[in-house]
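Chemist: First to last, the sequence lines map onto chains F and A.
Residue numbers for the first sequence follow our numbering, beginning at 2 and rising by one.
Residue numbers for the second sequence follow our numbering, beginning at 2 and rising by one.
Since the hints were derived computationally from the structure, they do not count as laboratory data.
All C-beta atoms in this analysis are idealised placements derived from N, C-alpha and C, irrespective of residue type, glycine included.
Honestly, I wouldn't trust all of these hints.
As the list claims (entries may be wrong) - Pulled a few chain A residues facing chain F out of the computed Cβ check, cut under 10 Å: (1) ASP87; (2) ALA94; (3) LYS104; (4) LEU106; (5) PHE114; (6) LEU118; (7) VAL128.
Single-letter residue listing:
Protein chains: 2
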Amino acid sequence: MNRIRVAVDMDEVIADTYGAMLNWLIDHHGAQWSAEALSGHQLFDVIDADVAGALRTAMHDGAFFADLKVIDGSQEALSTLAARCDLFVTSAAMEFPSSLGPKFLWLRRHFPFIDPLNIVFCGDKSVIATDCLIDDNARHFARFGGQGILFSSPHNVQVTGYPRIDHWNEALAILSDTFPGAL
Amino acid sequence: MNRIRVAVDMDEVIADTYGAMLNWLIDHHGAQWSAEALSGHQLFDVIDADVAGALRTAMHDGAFFADLKVIDGSQEALSTLAARCDLFVTSAAMEFPSSLGPKFLWLRRHFPFIDPLNIVFCGDKSVIATDCLIDDNARHFARFGGQGILFSSPHNVQVTGYPRIDHWNEALAILSDTFPGAL
Chain F
2 MNRIRVAVDM DEVIADTYGA MLNWLIDHHG AQWSAEALSG HQLFDVIDAD VAGALRTAMH
62 DGAFFADLKV IDGSQEALST LAARCDLFVT SAAMEFPSSL GPKFLWLRRH FPFIDPLNIV
122 FCGDKSVIAT DCLIDDNARH FARFGGQGIL FSSPHNVQVT GYPRIDHWNE ALAILSDTFP
182 GAL
Chain A
2 MNRIRVAVDM DEVIADTYGA MLNWLIDHHG AQWSAEALSG HQLFDVIDAD VAGALRTAMH
62 DGAFFADLKV IDGSQEALST LAARCDLFVT SAAMEFPSSL GPKFLWLRRH FPFIDPLNIV
122 FCGDKSVIAT DCLIDDNARH FARFGGQGIL FSSPHNVQVT GYPRIDHWNE ALAILSDTFP
182 GAL
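Pulled out of the complex, with its shape left as it was, chain F reads as follows:
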């Protein structure tokens, strides 16, 4: 059979954008939010509007995305996947256009084994033609033609209806369950 085509989201799935946003909030507003306050919510829905505006302004500087931490286990898992399937990274970068260049360079630095031709920056992921999409935002699955697989993040703890990956060290097993014989 043909190799399956797997698309992997970037922010909060392989790049710790969420951690960088929390650190920015602590650095600039001395504020901290409890795990309870954040659980089940997008960060931008929990913080005050003026703070959210300042954070968005900071994120419109591409440098915000240049030094994100790598999500634990993602390099090992994606290295394995790249050898066994057609692997794409898809990032909805269009909200912060100046992140496009830094995101591309970040991927080349931390995931050099991913073919640069397989990097996709888009806004509407329904335009992606792959067999599955691993993403922390289930809203991308609504019109996506393949199988959505949820990657756990504090904001999506209550979301059900999709296979879920809590840590990259279980990704291969979950993909093998979802696509028997394909990996």
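On the provided structure of chain F, position chain A as indicated by the hints.
Modeler: For chain A alone, coordinates are given in the frame of chain F:
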């Protein structure tokens, strides 16, 4: 029926990258190539290797893509298409990563009616899930799941096997022939 989804390539289809490359060659090397020498060939296949290298270096500066001319008739045609179908612009920008930001801003400036979420930067267009793709490079059609429609450019004059658009003023008629009743 659902609105059809149409993807449109950027370079040499709505942005005159080819013209900018020719102008760069004339400005920097005083050289000119005849229409006969260019017909049926990619520009990079016709010019000397050292000149090609210098041109690629120039194109790695994102500014090269900031002020491209708009291809004649593309704004009017895409404005009409945007109202009648789900319109995406897909650019294989990954060869020149520093073009990502300038290309996004160019699109916002010259095609403000295109939803920024419908802008897709990728390398391998087989990952695009639309009903058709209007592109000057037929190589993108090989693994594309929809209908390829060729947009004429000097390098593709001998390519056959696809509907062909010579000028944007005939695009709507050709799309209507290809997808009866859809527009």
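Chemist: Decide, hint by hint, whether the structure agrees.
Modeler: The hints, checked one at a time:
| no. | hint | in the structure |
| --- | --- | --- |
| 1 | ASP87 | 9 Å, holds |
| 2 | ALA94 | 8 Å, holds |
| 3 | LYS104 | 9 Å, holds |
| 4 | LEU106 | 7 Å, holds |
| 5 | PHE114 | 15 Å, violated |
| 6 | LEU118 | 3 Å, holds |
| 7 | VAL128 | 6 Å, holds |
Consistency with the previously given hints fails for number 5 only.
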